[in-house]
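Q: Sequence:
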Amino acid sequence: MKDIVSTKWLNQNLDHPNLIILDASIASNASGKVFEKSESTIPNARRFDLKNVFSDTSSVFPNTIPNPHIFERECQKLGINQDSEIVVFDANGMYSSPRAWWLFHVMGHENIAVLDGGLPKWIQNGFRTEQSHLTKFETGNFKANFNKDLLISFEQVSQNIIKKDFLIVDARSKGRFNGTEQEPRKHLKSGHIPNSVNIPHQDVLSDGMFKSKDELKVLFKHKCHGEKKLVFSCGSGLTACIVLLACRIGYTNTSKLYDGSWTEWAERNDLKV
Numbered sequence: 004m005k006d007i008v009s010t011k012w013l014n015q016n017l018d019h020p021n022l023i024i025l026d027a028s029i030a031s032n033a034s035g036k037v038f039e040k041s042e043s044t045i046p047n048a049r050r051f052d053l054k055n056v057f058s059d060t061s062s063v064f065p066n067t068i069p070n071p072h073i074f075e076r077e078c079q080k081l082g083i084n085q086d087s088e089i090v091v092f093d094a095n096g097m098y099s100s101p102r103a104w105w106l107f108h109v110m111g112h113e114n115i116a117v118l119d120g121g122l123p124k125w126i127q128n129g130f131r132t133e134q135s136h137l138t139k140f141e142t143g144n145f146k147a148n149f150n151k152d153l154l155i156s157f158e159q160v161s162q163n164i165i166k167k168d169f170l171i172v173d174a175r176s177k178g179r180f181n182g183t184e185q186e187p188r189k190h191l192k193s194g195h196i197p198n199s200v201n202i203p204h205q206d207v208l209s210d211g212m213f214k215s216k217d218e219l220k221v222l223f224k225h226k227c228h229g230e231k232k233l234v235f236s237c238g239s240g241l242t243a244c245i246v247l248l249a250c251r252i253g254y255t256n257t258s259k260l261y262d263g264s265w266t267e268w269a270e271r272n273d274l275k276v
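Using the numbering used here, read the sequence shown as starting at 4 and increasing by one per residue.
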C-alpha cells in the first residue's frame, strides 16, 4: 500500500475484507482552536482516539508516543489484525491523520495509508457518508514490533548540534521558528533548535491535500540543501508527521521523528551544547 491514497481509491475499495478505516480526528489544535465538528464520517470507519488512547497521557509532554504494549492492546480492541490494510483520515483535511500513520510505522505496521484530503475531500466528491462509527467487531491479532530507530531522543538531538549527523526539519510556523511569534503553550519561549531548517506544515499542502511529488521534491531539496538524513520536529510531534509524510512522497524515504519536539527542547536545560 502507498503512503497516501485518493478518495476515489478508497470509495472503490470500501468493501475489501482486509481494509480497516480509522478516523483519527482531534477536537482542537495546539493553539487551542476548536475544529468544526463533523456530523458525518466515512462508511465503516472506526474511531482512533489519538489524544486519549493512542498517546501517553501520563507524560508531561503532549502527544507523546504510547507504550507499545498499550498500542498493541488498543489496536486489537479496534479489530486490527497483522494483515490489515489500514487507511486513516481526519475531519480536518490533513492534520492529525499523518500522526496516526507514523505511529503504526513505529510499531512495525507499514501497510497503512493516509487519505489525501481527508473527510472534507470525501464529502466534496459526493461519496456516501454515515452518522456514526463502527463500534462492534471481533478482537484483532495485531502485534506491535516497536522500531526504536525511528524515535529520536532529546539526547540525540542535543549531541547532533556538534556531530551534525542529521538535519532537523521544523514544521512550525515561520514566526515561531524565528522567535517572533509566541508559542501556543505560553510558558515556552519561541525560537528553534540550532542548525535546524523550517518547513511549515502548510507549505507542503494545497487546498487540504498534499502538493505534487515534483513540487515537494523541489521544496525539500531547496530547504534541506540536498541533505537526506532528516529528523522531523514541530511543537509536540503532531504536525511534524505531515511534513515527514510529504518528504516520503516527494523527496526521501524517512520516518524519523523527534517526538518531544520544541515543547521538550524549550523546557529542558540538561545536555544542551
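By construction, these hints were calculated from the structure, which means they are not laboratory data. Fair warning: there could be bad hints in the mix.
Unchecked claim - Here are the simulated DMTMM-like pairs of lysine to aspartate or glutamate, each with C-alpha atoms no more than 20 angstroms apart in a straight line: (1) Lys124 to Glu113; (2) Lys139 to Asp18; (3) Lys259 to Glu133; (4) Lys5 to Glu113; (5) Lys232 to Glu133; (6) Lys124 to Glu270; (7) Lys146 to Glu186; (8) Lys146 to Asp59; (9) Lys5 to Glu270; (10) Lys11 to Glu133; (11) Lys224 to Asp168; (12) Lys5 to Glu88; (13) Lys216 to Glu184; (14) Lys139 to Asp52; (15) Lys220 to Asp6; (16) Lys139 to Glu113; (17) Lys167 to Glu186; (18) Lys146 to Asp217; (19) Lys151 to Asp59; (20) Lys11 to Asp210; (21) Lys231 to Asp210; (22) Lys5 to Glu218; (23) Lys151 to Asp168; (24) Lys231 to Glu133; (25) Lys192 to Glu270; (26) Lys139 to Glu218; (27) Lys192 to Asp206; (28) Lys124 to Asp59; (29) Lys146 to Asp206; (30) Lys231 to Asp6; (31) Lys231 to Glu270; (32) Lys5 to Glu77; (33) Lys146 to Glu218.
Said to hold, decoys possible - Quick list of the computed label-pair ranges, beta carbon to beta carbon: (34) Ser61 to Asn256: 26 to 34 angstroms; (35) Asn198 to Asp18: 43 to 51 angstroms; (36) Leu191 to Lys139: 24 to 32 angstroms.
On a predicted model such as this, the values are computed, not experimentally measured, just so you know. Cβ coordinates follow ideal geometry from the N, Cα and C atoms, glycine included.
Q: All hints, please: hold or fail.
A: Here's how the hints hold up against the structure:
{"no.": "1", "hint": "Lys124 to Glu113", "verdict": "24 angstroms, violated"}
{"no.": "2", "hint": "Lys139 to Asp18", "verdict": "17 angstroms, holds"}
{"no.": "3", "hint": "Lys259 to Glu133", "verdict": "35 angstroms, violated"}
{"no.": "4", "hint": "Lys5 to Glu113", "verdict": "9 angstroms, holds"}
{"no.": "5", "hint": "Lys232 to Glu133", "verdict": "42 angstroms, violated"}
{"no.": "6", "hint": "Lys124 to Glu270", "verdict": "38 angstroms, violated"}
{"no.": "7", "hint": "Lys146 to Glu186", "verdict": "37 angstroms, violated"}
{"no.": "8", "hint": "Lys146 to Asp59", "verdict": "18 angstroms, holds"}
{"no.": "9", "hint": "Lys5 to Glu270", "verdict": "37 angstroms, violated"}
{"no.": "10", "hint": "Lys11 to Glu133", "verdict": "17 angstroms, holds"}
{"no.": "11", "hint": "Lys224 to Asp168", "verdict": "18 angstroms, holds"}
{"no.": "12", "hint": "Lys5 to Glu88", "verdict": "11 angstroms, holds"}
{"no.": "13", "hint": "Lys216 to Glu184", "verdict": "31 angstroms, violated"}
{"no.": "14", "hint": "Lys139 to Asp52", "verdict": "16 angstroms, holds"}
{"no.": "15", "hint": "Lys220 to Asp6", "verdict": "16 angstroms, holds"}
{"no.": "16", "hint": "Lys139 to Glu113", "verdict": "25 angstroms, violated"}
{"no.": "17", "hint": "Lys167 to Glu186", "verdict": "26 angstroms, violated"}
{"no.": "18", "hint": "Lys146 to Asp217", "verdict": "36 angstroms, violated"}
{"no.": "19", "hint": "Lys151 to Asp59", "verdict": "16 angstroms, holds"}
{"no.": "20", "hint": "Lys11 to Asp210", "verdict": "17 angstroms, holds"}
{"no.": "21", "hint": "Lys231 to Asp210", "verdict": "27 angstroms, violated"}
{"no.": "22", "hint": "Lys5 to Glu218", "verdict": "18 angstroms, holds"}
{"no.": "23", "hint": "Lys151 to Asp168", "verdict": "17 angstroms, holds"}
{"no.": "24", "hint": "Lys231 to Glu133", "verdict": "42 angstroms, violated"}
{"no.": "25", "hint": "Lys192 to Glu270", "verdict": "9 angstroms, holds"}
{"no.": "26", "hint": "Lys139 to Glu218", "verdict": "42 angstroms, violated"}
{"no.": "27", "hint": "Lys192 to Asp206", "verdict": "24 angstroms, violated"}
{"no.": "28", "hint": "Lys124 to Asp59", "verdict": "31 angstroms, violated"}
{"no.": "29", "hint": "Lys146 to Asp206", "verdict": "35 angstroms, violated"}
{"no.": "30", "hint": "Lys231 to Asp6", "verdict": "19 angstroms, holds"}
{"no.": "31", "hint": "Lys231 to Glu270", "verdict": "28 angstroms, violated"}
{"no.": "32", "hint": "Lys5 to Glu77", "verdict": "24 angstroms, violated"}
{"no.": "33", "hint": "Lys146 to Glu218", "verdict": "36 angstroms, violated"}
{"no.": "34", "hint": "Ser61 to Asn256: 26 to 34 angstroms", "verdict": "33 angstroms, holds"}
{"no.": "35", "hint": "Asn198 to Asp18: 43 to 51 angstroms", "verdict": "49 angstroms, holds"}
{"no.": "36", "hint": "Leu191 to Lys139: 24 to 32 angstroms", "verdict": "42 angstroms, violated"}
Checked against the numbered hints listed earlier, the structure breaks hints 1, 3, 5, 6, 7, 9, 13, 16, 17, 18, 21, 24, 26, 27, 28, 29, 31, 32, 33, 36; every other hint is satisfied.
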